[in-house]
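A.B. asks: Position chains B and C relative to chain A; hints supplied.
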Amino acid sequence: MSKKSIRKTILHIFSRIKEQPIELVLFLCASFSIVILFLLLLFVASEGALAFSNFGLELLIGQVWDTNAGLYGAFPLIFSSVMVSIGALAIAIPLGLGTSIFITEVVPFSIRDVIKSIIELLASIPSVIYGFIGIIFLVPAIASVFGITSGYTALAASLLLAIMAVPTIVGVSGETLSAVPKDYKEASLALGATKLQTLRHVILPIAKSGILASVMLGFGRAVGETVAVLMVAGNRAQVPMPPWNFLDPVYPITSVIAMQMGEASLYSAEYSALFGLGLILFIFTFIVNTTADIVVRRDGKIGGRKK
Amino acid sequence: MTETTKERVVFFALGVPMVMCLIAFFWILAILSSGAGTLNLSMLTTSALQGGLFEMIVGTIYLLLGAAGVAGPIGVLAAVYLVEYAPSGKITRIIDQAVNNLAGVPSIVIGLFGFAFFTTQLGLGRSLAAGWLTLSLMMLPIVIRGTEEALKMVPPSFQEASLALGTTKWRAITATTLPSAAPGIVTSVILGIARVAGETAAILFTSCVLITRGLPKSPFEPVMALAYNMFVRIVAIGDPAESVFGIALVLFLIVAVFAIIAIVIRTYYRKRQPWLR
Amino acid sequence: MAKVETKNLNLWFKDNHVLKDVNLTIKENAVTAVMGPSGCGKSTLIRAMNRMNDVISGCRVTGEVYVDGKNVYEDGTNVYDLRRRVGMVFQRPNPFPKSIFENVAFGPKIHKIANGKKLEEVVEKSLRGAALWDEVKDRLNDTAFSLSGGQQQRLCIARALAVEPEVILMDEPCSALDPASTARIEMLIRELSEKYTVIIVTHNLQQAARVSDFTAFLYVGELIEYGETEKLFEDPKSELTEKYITGKFG
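Protein chains in written order, with numbering that gives the first Met the number 0: chain A, 0 to 306; chain B, 0 to 276; chain C, 0 to 249.
Next comes chain A alone, as it looks inside the complex (with noise of 0.2 angstroms):
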């Protein structure tokens, strides 16, 4: 975008707003994402500046992460959020598509909006509930199942992430799939294909990008979730041994941030730091809704047709 086009588009919009002052208000009220988006970054990072100025790279890159001994190594609990979150993307990815599939190609139309409803009830359900229902089913289950002696595992808290980022990716792929034009389905089907051909070969190369960016979409809730996550993970900032073990306790950021802000005193080391863990999420999931809306808007162009 130029600066020209810039300009004359911001010229644009306040000789119009001296038309109407209701357009002022409004237009107001829209940029208010932005500035709002603008002061969180300014405020998190600037918060969280004195820890990285104080740490630089030893806050992502350390070991340890011990607030008592003023150590602020955040290695162990990077991992175990993107632990966590894979771990939770490989259940939900085959349960959210395969559902998201199932709804659009096979249920009949008069199911389909039950079903969808029933989803959308599952997103609802606040994550301190999921986190509730965790404590009392979920982590006695595993330790029963595993023969472990607690069932606040990674595991845990995987299987909690992933019943919750289904219903993303069932929504947005759910809508990609739907909007797939009818045309293509059609001339698929008279040339003779049969309706699992059509969805192979035809739907889903089309819908290829959206189910991307449903899928960005679900790892940014995952990596996001707090508290679900903390009331069942066991918090103990220690990468697994080995690494791939989600029966070991893991401390995932939005964990330590939620826990320990609490007794952090005001700017001191320990709050910068946390701000430092805030400001890292702030900008891995700015990356990842940005990467899935880019993703999306790509697509839009190749796909289209020739009006």
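Bear in mind the hints are in silico, worked out from the structure with no lab data behind them.
Here the structure is a predicted model, which means the values were calculated and not measured.
Check each hint, because a few of them may be wrong.
As the list claims (entries may be wrong) - Heads up, simulated BS3-like pairs for lysine-lysine below, C-alpha to C-alpha not over 27 angstroms straight-line:
| hint | chain 1 | residue 1 | chain 2 | residue 2 |
| --- | --- | --- | --- | --- |
| 1 | C | K97 | A | K194 |
| 2 | A | K181 | B | K151 |
| 3 | C | K111 | A | K181 |
| 4 | C | K19 | C | K194 |
C.D. replies: Below, chains B and C without anything else, positioned relative to chain A:
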């Protein structure tokens, strides 16, 4: 294996995930309702000082209403601008991306911001007001997106007819487009409320405390909330999970009621508005 | 010899009785036009021949449709092979968002008719059959959307030809095209009738007269008249047909 058989097998296999999701949903319902015994109606009106849930329920409602009061108007007006007024595609795209990004910010980060900005910088302290502002940030994207969709579904011919009669654009919108989009807008606000009702991480440091003497008398006092209470009791105090079954149930019911109302409104009005789909 | 024949064909969409007792005979290797005012059931009629109406929920059919003497609504009919033998071209060109080559190769791959070198030959043959080869032979890997509207429609015809059909159904194939492209496709239709049986739905009387050997006139789901195109247009037997042809209603 013929194509037809292959199709049957694959489609059957695809049905399994969906069934699992449904099972998960009903399993959760079952677990929650198993604790129904710990709840009795009197708890809803008894003060927390005597083991009841009154202040928590009212506190939660206060938080929700305030957040909706902030996010509702701003969100609707923002959406109106984006759909009806925004001049070029680029500006709309940037704002849309900003809205999507705001939606994707982890709730704990919103909580951190709320603490750093509303509580500390603006000096609101741990208060209802700080909670309103923080929660409104989470509601905002939901209201904006839902309102945008509702506005886009109204046929432009309604507005055109009004403009052809000589009204201003804003008048045309308030007279024709907004009323037609009203069900969709209301639905999105309710869904936003449902989303925020159970929110814990965002208000962890900005507005709640474990116990208060009675209800807050001003927005600058802290408040009790169901989700917060449940969370802190289990995690910080170490109460056994079963002891908060009552809170979990009430919270779930509140959220479920809001969500179901939203879905019902949407379905009901979809039938009554013949221009939809 | 009747290639396609409908006997007492009745069709309902939910409670809507769309086709009423249609008895129609389609001659082999000829172009038959199905004409009539909007909403008279023309598209539904030809879609009954390749059972594409099955895709729409709430569709009920009684009567028979014979292709090569076999009733395609009989239990146990292989619908997928039927649709290979009875191909369809739609009103709006709908090439897949793939390359030109992949569009034409789609059908043969699905039905496992050809692969590798043979597939390339099939694609070339089909594109020639649709009078499109010379225009695209150097850019087979370009996306189908780089073609003009008329070219896209010819691509769809090539795509249908690639699975070696016997009958080609065309549902108002030129209504979305400009006059020049329309003329080219009408020429193509006449050529195609030498090897295939072509049934074309049109609401354009002049097109029916230009392009077809036989014409069927459908009105509100009923077959009013059927006969050789010249005879039907010059000397229609039914008063309704005459009114339609002379433009007393549309």
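A.B. asks: Report the numbers of all earlier hints that the structure fails to satisfy, in ascending order.
C.D. replies: Result: hint 4 breaks, nothing else.
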